[in-house]
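Trainee: Take these sequences, add in the hints, and give me the full structure.
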Amino acid sequence: MINFTDVKKVYPSGTHALNGITMHIDKGEFVFIVGASGAGKSTLIKMLLREEVPTSGLVEVNGMNLNKMRRRKIPYFRRTLGVVFQDFRLIPTMNVYENVAFALRVTNVSGRDIKRRVPYILSLVGLVHKAKAMPDQLSGGEQQRVALARALVNNPALIIADEPTGNIDPELSFEIVDLLNEINRVGTTIVMVTHEHDLVAQFQRRVITIENGRVLSDTAAMGGY
Amino acid sequence: MRGSSLGYLIRTGVKSVFRNRLMSFAAIGVLVACMILIGAAILFSMNINSIVEFTEEQNEIVVFCDDSLDAQALARVSDDLNATDNIIDVVFFSREEAFEYMKERIGAENLFEELTADIYPDAYKVRVKNLGQLEETVAQIEGYDGVIQVNAPTDIADVVVEIKSAVYVAGIGIVAILAVVALVIIANTIKITVFNRRKEINIMKFVGATDSFIRLPFIIEGLVIGLLAAAFAFFIIWGAYDYLITWLEGNQSMLYRQFQDQIVPFGNIALEMFGAFAGAGVFIGVGGSMIFVRKYLRV
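These protein sequence lines are chains A and B, in that order. Each residue of the first sequence is one higher than the one before, starting from 1 at the first, in my numbering. Each residue of the second sequence is one higher than the one before, starting from 1001 at the first, in my numbering.
Simulated from the structure, these hints should not be mistaken for laboratory data. Misleading hints may appear alongside valid ones.
[What the hints assert, rightly or not] Here are the computed lysine-lysine pairs in the DSSO-like style, where the Cα-Cα straight-line distance is at most 27 Å:
| # | chain 1 | residue 1 | chain 2 | residue 2 |
| --- | --- | --- | --- | --- |
| 1 | B | K1199 | A | K73 |
| 2 | A | K46 | A | K8 |
| 3 | A | K68 | A | K46 |
| 4 | B | K1015 | B | K1191 |
| 5 | B | K1199 | B | K1295 |
| 6 | B | K1295 | A | K68 |
| 7 | B | K1199 | A | K46 |
| 8 | A | K68 | A | K27 |
| 9 | B | K1199 | A | K132 |
| 10 | B | K1199 | B | K1015 |
| 11 | B | K1295 | A | K46 |
| 12 | B | K1103 | B | K1125 |
| 13 | A | K115 | B | K1015 |
| 14 | A | K8 | A | K73 |
| 15 | B | K1295 | A | K73 |
| 16 | B | K1015 | A | K130 |
| 17 | B | K1015 | A | K132 |
| 18 | B | K1199 | A | K130 |
| 19 | A | K115 | B | K1191 |
| 20 | B | K1164 | B | K1125 |
Mentor: Have a look at this one:
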């Protein structure tokens, strides 16, 4: 599902963000990626989303070699992923329903299928009753659930969550990760970047720790989660 | 792209104009202001040009013929004049008419009692199209058989030609400067509009929207804004121009009475002006959106 082979990234400013990361994540896994600020987590996410390409090394996601991917193929690659950001990134001029439907519209799904799929996904995240609300009328937790619904609506094999609990209350954070846990139970691979050690400890999943652009530890390599 | 998607994108583009009404209003306002300034400059220089052309047409050249010419020879001179390129019309002015004209002008009838019309030569009065070529035309006429002298208002001609070229250069200069200023202001307005929505573009990129899917609503939005601005500018300038003419008619100043027939009616250029406004509006709206959205597509 995800293969990083000796991935290095040096930005034009001279910053060495990644210094040879090698990791493998299988289909159906739930992996926490943790590390302090500046450890290289953001660059790693950018690599996964094909926002950046490595200076050297190989990045493969969902069976695609991202190093060699042409620009016009990127949107089609991204449709195989679901992405959740710390700042939710909902379109402020669209209501909840439209924000979720938008991810389907870009993939040319018919209007009939959109009408069937969106309410179902909203029911999974418990927001059917807020379908017509605008993002600024929702709490942080609700906004993140909308973002999660949008990430799920295309039925992706992989969900990448970049600090999804960073902007919400601790009790709601648990709810969000629990939701991700449920999604993982039906076979979706989850990669979640976080620095909240309590959450990581509560869920007992594989943890990859990044420091100075390198994998410092990987609980899978240590023989258990 | 599926038909329903295209319909959705077009609807989204049109809705965006109203959703982002503050920025749409700013973009339309800037476009309207620029179009009005340019339109007013064009109308002003067209009117000045029309007045100068009218003045130019008031020229009169007198071509004096040799006394010895008979009717046939005079007709030949007339044919030569009519065949000359730069001449609008040719009117015969007989020695008898000249005699009567001078008698009337000088007023002292007893002075003419013992004289006959033979003291004046037969002549032709001609008007030229282009005063800029007056000297060449005069030289050409002086070369015709039977022509003894040509009287032409060369001094006035020089002044009119200078005014005309000054109006032309100033008109083009003002319109060009306004167009450049307008483009800079409009480019910045569109840039701000797109900048305000960079997050939206970024989100679209991460859910897998293709560049054309992201661009199309912006292009439609640019198109709608361009057309709305063109329509507003056109009707405002039309109303203001008609109001100004009505006001001038009401005041009946001497200058107005002198040149009232030379005022260019708005109907004469309405179609061209609307076409130019709409074309410029669409070009700027669509072109600007395409250029500035491009920057945020590189994610």
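Trainee: Now, for every hint given, state plainly whether the structure supports it.
Mentor: We went through each hint and held it up to the structure:
| no. | hint | verdict |
| --- | --- | --- |
| 1 | K1199(B) x K73(A) | 21 Å, holds |
| 2 | K46(A) x K8(A) | 13 Å, holds |
| 3 | K68(A) x K46(A) | 15 Å, holds |
| 4 | K1015(B) x K1191(B) | 19 Å, holds |
| 5 | K1199(B) x K1295(B) | 12 Å, holds |
| 6 | K1295(B) x K68(A) | 22 Å, holds |
| 7 | K1199(B) x K46(A) | 16 Å, holds |
| 8 | K68(A) x K27(A) | 22 Å, holds |
| 9 | K1199(B) x K132(A) | 21 Å, holds |
| 10 | K1199(B) x K1015(B) | 18 Å, holds |
| 11 | K1295(B) x K46(A) | 18 Å, holds |
| 12 | K1103(B) x K1125(B) | 19 Å, holds |
| 13 | K115(A) x K1015(B) | 21 Å, holds |
| 14 | K8(A) x K73(A) | 23 Å, holds |
| 15 | K1295(B) x K73(A) | 18 Å, holds |
| 16 | K1015(B) x K130(A) | 22 Å, holds |
| 17 | K1015(B) x K132(A) | 17 Å, holds |
| 18 | K1199(B) x K130(A) | 23 Å, holds |
| 19 | K115(A) x K1191(B) | 35 Å, violated |
| 20 | K1164(B) x K1125(B) | 24 Å, holds |
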